[in-house]
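S.K.: Residues per chain are reported as follows:
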Amino acid sequence: MLITDLANAGSTPVLTEMLRFSGARQRLLVHNIANMDTPDFRPSDVSVSGFQGALRAAVERRRDAGGGEAGPMDRAASREVVRSGDRLNLSPKTSRGGVLYHDRNNRDVERMMQDLTENAMVYRTAADFLRRQGDVLKVAISQRV
Amino acid sequence: MYGLLDISTSGMIAQRARLTAITANVANRNSVEADGTPYRAKQVFFAAGDPSARTADGRKFGVHLAAVRDDPSPFNLRWDPSSPRAFKDGPQAGYVRETNVNPVVEQVNAIQATRAYEANVVAAETTKSMIQQALRLLS
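Those protein sequence lines, which keep their order, are chains P and U. Numbering follows this note's numbering, in which position 32 of the first sequence is assigned residue number 179; successive positions increment by one, without gaps. Numbering follows this note's numbering, in which position 80 of the second sequence is assigned residue number 299; successive positions increment by one, without gaps.
By construction, these hints were calculated from the structure, which means they are not laboratory data. All values reported here derive from a predicted model rather than from experimental measurement. Misleading hints may appear alongside valid ones.
As the list claims (entries may be wrong) - Under the rule of at most 30 angstroms between Cα atoms (straight-line distance), these lysine-lysine pairs were calculated in the BS3-like manner:
1) Lys261(U) - Lys240(P)
2) Lys240(P) - Lys307(U)
3) Lys307(U) - Lys279(U)
4) Lys347(U) - Lys285(P)
5) Lys347(U) - Lys261(U)
6) Lys307(U) - Lys261(U)
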């Protein structure tokens, strides 16, 4: 019970969801980069703004329900991002735009590397915040004992 | 999360294989088979997915070397009637067949393969730092 409360305290569920999403999305981005020179390959990705919108709505609902300080958060499953257990299943969309090269691959190297960096930054930020929350917990526990 | 490194590694392996083919093409520019046929340039083809990966993520995602084929383009001809390999008669009499390796194309491909390899290295580095961040959460 205590552990569940801790896992749902403050911004922890939001940060956990951010970690899950950027961790799962990293797989797609790395896959796109690995297939940079594969004929007929089209990079695929999920909509970040779509996920953020669903997360924002979930945060609003949680705030309405319990003031936002505690309580579980349930993000509505979208067509692209579905949660199964502890993992997120992503159904990415294949990109149709951009320049189609002679090998029928419409890679956009700059965009791919930018997405990779942004995704890693989001992951790092969420991990940093979570770690700080853990530190606060540690301090609280050490003051009690 | 560890499967992600498999994906980047498959990209690096594929690009290295491509660079090997390019190096072989450049090195064999003047090679001739025993029957007098000049060396044909090798072309490398990739396909998505990596059947040899150890993790499920790696098998589903990633890239692998699907085929190495001979470049079907015609051989170059060089005027050299004194060569023992020159055509003795016909419309190409006096000409010698030479490899269809184009050094300029090979150089461009080598640069592209190197850059793609580097992109995979950067992706692996980024993934590595993310794994480290996640592990530091536990400390």
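S.K.: Next step is simple, just say for each hint if it's right about the structure.
M.R.: Verification of the hints:
no., hint, in the structure
1, Lys261(U) - Lys240(P), "violated, 34 angstroms"
2, Lys240(P) - Lys307(U), "violated, 60 angstroms"
3, Lys307(U) - Lys279(U), "violated, 55 angstroms"
4, Lys347(U) - Lys285(P), "holds, 27 angstroms"
5, Lys347(U) - Lys261(U), "violated, 34 angstroms"
6, Lys307(U) - Lys261(U), "holds, 29 angstroms"
Comparing the model with each earlier hint shows violations of hints 1, 2, 3, 5; every other hint is respected.
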